[in-house]
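Engineer: Chain A is already provided as a structure; the job is to place chain B on it using the hints.
Protein chains in written order, with our numbering: chain A, 178 to 976; chain B, 178 to 976.
Distance condition first, Cα-Cα at most 30 Å in a straight line; then the derived DSSO-like pairs of lysine-lysine:
no., chain 1, residue 1, chain 2, residue 2
1, B, K830, B, K945
2, B, K485, A, K373
3, B, K694, B, K791
4, B, K505, A, K629
What the simulated footprint calls covered on chain B by chain A, stretch by stretch (three residues with Cβ under 8 Å from a Cβ of chain A suffice, anywhere in the stretch; the number is not a length):
no., region
5, 312-321
6, 331-340
7, 669-677
Think of the hints as simulated: they come from the structure by calculation, not from any bench.
Where a beta carbon is used, it is the ideal one built from N, C-alpha and C, also for glycine.
There are 2 protein chains.
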Amino acid sequence: MNDDVQGKTATQTPLSPDLLRSIDAYWRACNYLSVGMIYLRANPLLREPLKPEHIKRRLLGHWGSDPGQSFVWVHLNRLIKRDHLDVMFVSGPGHGAPATLANSYLEGFYSEIYPDRSYDERGMLRLFRAFSSPGGIGSHCTPETPGSIHEGGELGYSLSHAFGAAFDNPDLIVATIVGDGEAETGPLATSWHSNKFLNPATDGAVLPILHLNGYKIANPTILARIPHDELEALFKGYGYEPHFVEGDEPDVMHQLMAAALERCIGDIRAIQTRARANPDEMTRPRWPMIVLRTPKGWTGPKEVAGHKVENFWRSHQVPVPDPATNPKSLVVLEEWMRSYKPEELFDDEGRLIESLRALAPEGTRRISANPHANGGVLRQALDLPDIRAYACEFEAAAAIYQSPTAVLAAFLRDVIRRNMQTFRLFGPDETASNKLDGVYEASGKRWLAETKPEDADGGALSPTGRVMEMLSEHTLEGWFEGYVLTGRHGLFATYEAFVHVIDSMFNQHAKWLEKAKNELAWRAPVPSINLLITSLVWRQDHNGFTHQDPGFLDVVTNKSPGVVRIYLPPDANCLLSVADHCLRSHDYVNVIVADKQPHLQYLGMDDAIVHCAKGIGIWDWASTDQGCEPDVVIACAGDIATMEALAAVEILKTQCRDLKIRFVNVVDLFRLMPETDHPHGLSDRDFDSIFTRDKPVIFNFHSYASLVHKFTYNRTNHDNIHVHGYRERGNINTPFELAIINGVDRYTLAIDVIDRVPGLASTAAHTKETLKNRIIESVRYAHEEGIDRDEIREWTWKG
Amino acid sequence: MNDDVQGKTATQTPLSPDLLRSIDAYWRACNYLSVGMIYLRANPLLREPLKPEHIKRRLLGHWGSDPGQSFVWVHLNRLIKRDHLDVMFVSGPGHGAPATLANSYLEGFYSEIYPDRSYDERGMLRLFRAFSSPGGIGSHCTPETPGSIHEGGELGYSLSHAFGAAFDNPDLIVATIVGDGEAETGPLATSWHSNKFLNPATDGAVLPILHLNGYKIANPTILARIPHDELEALFKGYGYEPHFVEGDEPDVMHQLMAAALERCIGDIRAIQTRARANPDEMTRPRWPMIVLRTPKGWTGPKEVAGHKVENFWRSHQVPVPDPATNPKSLVVLEEWMRSYKPEELFDDEGRLIESLRALAPEGTRRISANPHANGGVLRQALDLPDIRAYACEFEAAAAIYQSPTAVLAAFLRDVIRRNMQTFRLFGPDETASNKLDGVYEASGKRWLAETKPEDADGGALSPTGRVMEMLSEHTLEGWFEGYVLTGRHGLFATYEAFVHVIDSMFNQHAKWLEKAKNELAWRAPVPSINLLITSLVWRQDHNGFTHQDPGFLDVVTNKSPGVVRIYLPPDANCLLSVADHCLRSHDYVNVIVADKQPHLQYLGMDDAIVHCAKGIGIWDWASTDQGCEPDVVIACAGDIATMEALAAVEILKTQCRDLKIRFVNVVDLFRLMPETDHPHGLSDRDFDSIFTRDKPVIFNFHSYASLVHKFTYNRTNHDNIHVHGYRERGNINTPFELAIINGVDRYTLAIDVIDRVPGLASTAAHTKETLKNRIIESVRYAHEEGIDRDEIREWTWKG
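Only chain A is shown next, with the shape it has when bound in the complex:
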């Protein structure tokens, strides 16, 4: 196959000699600028001979992948112009910003956004000096980079971001350079399978270009060192039709690339035309991809100080290390830069000459100015139904059990129905397990691979399904990020313990948001990432210790307060209210912690809306202080934490009748933080008015206790705040036993109250003894062999 493709493309010469010369010149300009960014602090166009004082003294930035990336970009430009394409560019290789910056600068868009780096010699010098300098420009595609939705800091997500961008954008082509280093990461390795979820009729296309430049920081890459037949087999195995463009002679390579790209775009259009003509007979197409094998540091110095540089890992970063201090190196650098013939490329003002500028598309067809890459400008609010229609109805608080996520499912079903092109639900094979399968009434699961008749049983597989399920949290999060960064909406439901799989992706997205939101006025707000964390620790009693990990919240609270939100709705109506709020928000990562199991319901819809809007509140109906100063505050956050805290109040009501208890529930966790540290933080005055200045506070928390201490250590009453939470103790337990061994159960809470309220320990000594015995009984009962779990569950939660 490879021979065929190579044969065909090698004989094709789609570029006329003139066009070939122009495209090569444009590419040389890109490469010249990339080198300039790394090296120059003066003399940007080499109008005079290069001198040591023109060289930056600390050399930073990465040359290796730039020429290959610019090579792709200039060839994309040709077809964008010729065929009026709508193209995004996702740059996967690490630290490959010089290529993206050079192109966006040459297209003029960079200077439109950053007028001080103007499109002239002075602006060019400012660009060079700012690159990788304090207060300046990053060496990867940070949010500051126009045309980019993909940060090249942490590797592995280019392809999943690209697919996310292509979903529901039928006219868009997302050209995606996958670095061969990046390709070794797990998230990237599985994201090739995204092609099983892309609908050629209703989605856009992703054109992956594996940039096989052979080396990482200091090693060859795996994919560059396997035989050709393995490489080809691998991508056929992933379901692609690989086109190989291999070589190092620019003139030959330009023709090869032009031909390959023509063929790929042609194949994409043919696939789409076929699918759109007959959308009911959808089969998964074999999408094209390109394997671009070029030397690393292509066109750079072949050898420096006796070391091979071009086509080796030594060209990864700064190929000539010491031009300011080593005259020989200065010559090497100058020869290298002059090999691009800048005098032919730039006019007197320092702008690309007119004939070359004409090669780039115009307006929003410029890749750097593609509006999808600033997706907020395309964002449309979701059409949301009134949550009241989905309310969980009941006569009295704490009287019925209901699965909060099952209630949410009905709401999400109608969100899907009303927003069939702009909302998707993501989940790793757990939508049904997480009791969200009610959404299948609106839409099935996206699936373009083979189907069987039995697939209609349960949520049906469908090429147009709005539910995205793949057993890869990485891919789902990557899709979701790509989807919101291009202006669309979604919700990702996942098991609490395993959301840690995407800790690092969360971190990076939060960092992106912080810069985009707080420092880049030109970036329009994007819809929030909504993470529904479910299958929670307290009901992972049967799955055991591996499934018990509520620690994601600690990761979240380290990120910038401007972009993260955490909600722990205590019941179904609160979950509805929180979800509604989150789906209307933008520029956040909203973390919603809500379980799938049946839980007690407390608040009617109106009360829930008020409670969630405040984010924290005293529940008078559960309190016994009747508005006076209480003897003790019992606080809680999370479903089981709330139930057990309420049960503790019930015990204390009967056992310690005069005790004045204030019951506080926290939905919006950041309310606990000082207002100086988080926009949702309570003032000290408000905090004190809820938690008192000197009374014991027994706080029952969903997650690890220390998180509450971390938020409250500066509060007036912090000495008296005693937090119960998950203590990393569990195995196969009954739910109640799990609560007990971690000390979040009603008995332990009640005992703590007795111990903490002055004077109570003596009067309630008998009660305390009784409660201790009930704990011992409960654990013994749980461990008696042959006890059936359901019996225990009934007993524990209601008893």
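Structural biologist: This is chain B only, laid out in the frame that chain A set:
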């Protein structure tokens, strides 16, 4: 190719009719036990008709992958016996414990470890009742499962664990069932490439068996729904020779599997023999693998209540949901269980009949009893050189700069030399970047893919290299875990920000350790996982915001105190001492935070050893309180934090001459925790004696400040502890600017001291003003265009 293989194996019938019958009977026994675990609380051998009261009332556990897994196990048994093989079994599919438990029970080893679940009818019933019951046995391969090093709770790591186990165990074959659901995860998808790092002469073999049973929890799997040619191409692309065993007719499948397994073992032995005869001409072999396509829930009920069950996702968990309450279902279950003919399989005592027991290997050849799967029993201490030989020498504290990791490299080089079969260094393409390239004097980088002459430049690629580099933190951590769980040693060095990529793997390993160490006396201690976190936040000024994330420590501190340790050595000699300590330890995850950049050196080797042994200490030479009660405590943890704290002391010494400062450095972070919460925690008395009971403590911390508050909120003096740390603020900065904007710089610290020490604010008002101005100057200076970074660096750190 597939046709060939199928053709060849289909015509082969390696099993005699008798043996076929016996193997099938053994397999039926496995399946019977698996079903029994899910359903029965009485009548374990169906000696009487099945009644509702024999059925557990809450049905838990997973049937789907069990018959396929047991099928593999029984066929492995045949070849272990025939060829005297040493075989481990890694069970990748989620919740597949019933198969493993059934086999280890039938081999007798389960009862040897857990005598109460004896090898007789009573013990069988106890096994059934304990399965997925409170206080009992997990539904995946928890540490309690003999023969397993691989927890099937979180998916994706079976293959990397298997390769880790095979490294340096030349006689071992690690048969690894990869679930087709698991295969969709990123970590699994890239771990197939581990074959480029396995040396057929000196390592053992991994035999991957992709169990293509078609379904996950509620969806088909991708790999089961792509055409055969794509599937075959994919695994050829990954570098394997796939053998297909496909079908559902047990008698046919037994012959196919027997033949395929014979051929695979034969191929493995041939590859190894060839490589071992001529180890100098090493090339990467094409290792065999098996694609086992069977129905999910094979041999279970075909249909239940009108739903397809066998060969569909509905057989994932409990195929017959209601046998206790639905008489029809009870019949279905009874027919299903009786289809295995238990009366033919078990004798009167409830033991497998003698003739079938003879099919299993004996002693340590039993897969369940393989000593590698309880690797601590094979553990040998490392031969470690004396760290004094590698000490960083200097005349005075804070006089020279040195890269701590470069110093460590010399020590690690000799650790490698002395332990060429039992120690490996892991790193994602960053060993040189992290300044550990000194180890290449001892050994190169492991590489079995193609090489080129230039690969000798820099750390050489070699089939015997002890340095494991692949751009996948997941794969490296998986290898490392597999390596230590089979009793060997290592160290994994990685960028601080991107260690979050393996948060979840860390969590799961810590959970494994906690159970193995604290609850399972039969599991011998395994060497520690040593994570060297480097390229630290404070010197990621040039890489920017994405590379600044010191939050892994927060994840670590949530895990059980018995198994996690965190060290922040302030200089190179302390790093040596800490590393030495960690490499001697077992059953921990040791997290060492140490940078690669040149840093000031403080402690001579002897002082460093004493300081690190204590884990926290007052540095008299940096203090001005001369042993009296100080006015203020300046504390620090981390390299830059220490330097800036020392610089603050220098400022205060000259500006506030009478101020009595106590200088405290923390190496062992858990010393800050109460002794009741962590074994390394200081008693309150000791804590108070260091930090005083009432004086201001200005604590300069490497990571997010709240972590120190989380550890100290209960200490006597906690109201006075003021922590400076990373505030999630950064971009492209100078190092000093980065310190300033996060408030960990000398000026901000000195100002804080002036503000906190009673009475000082008025006398030192002028000093404070001066310091504020220096902050403003520093930031302005950093941002002046064209300032060279090196100048700034010199100025900042020394000035």
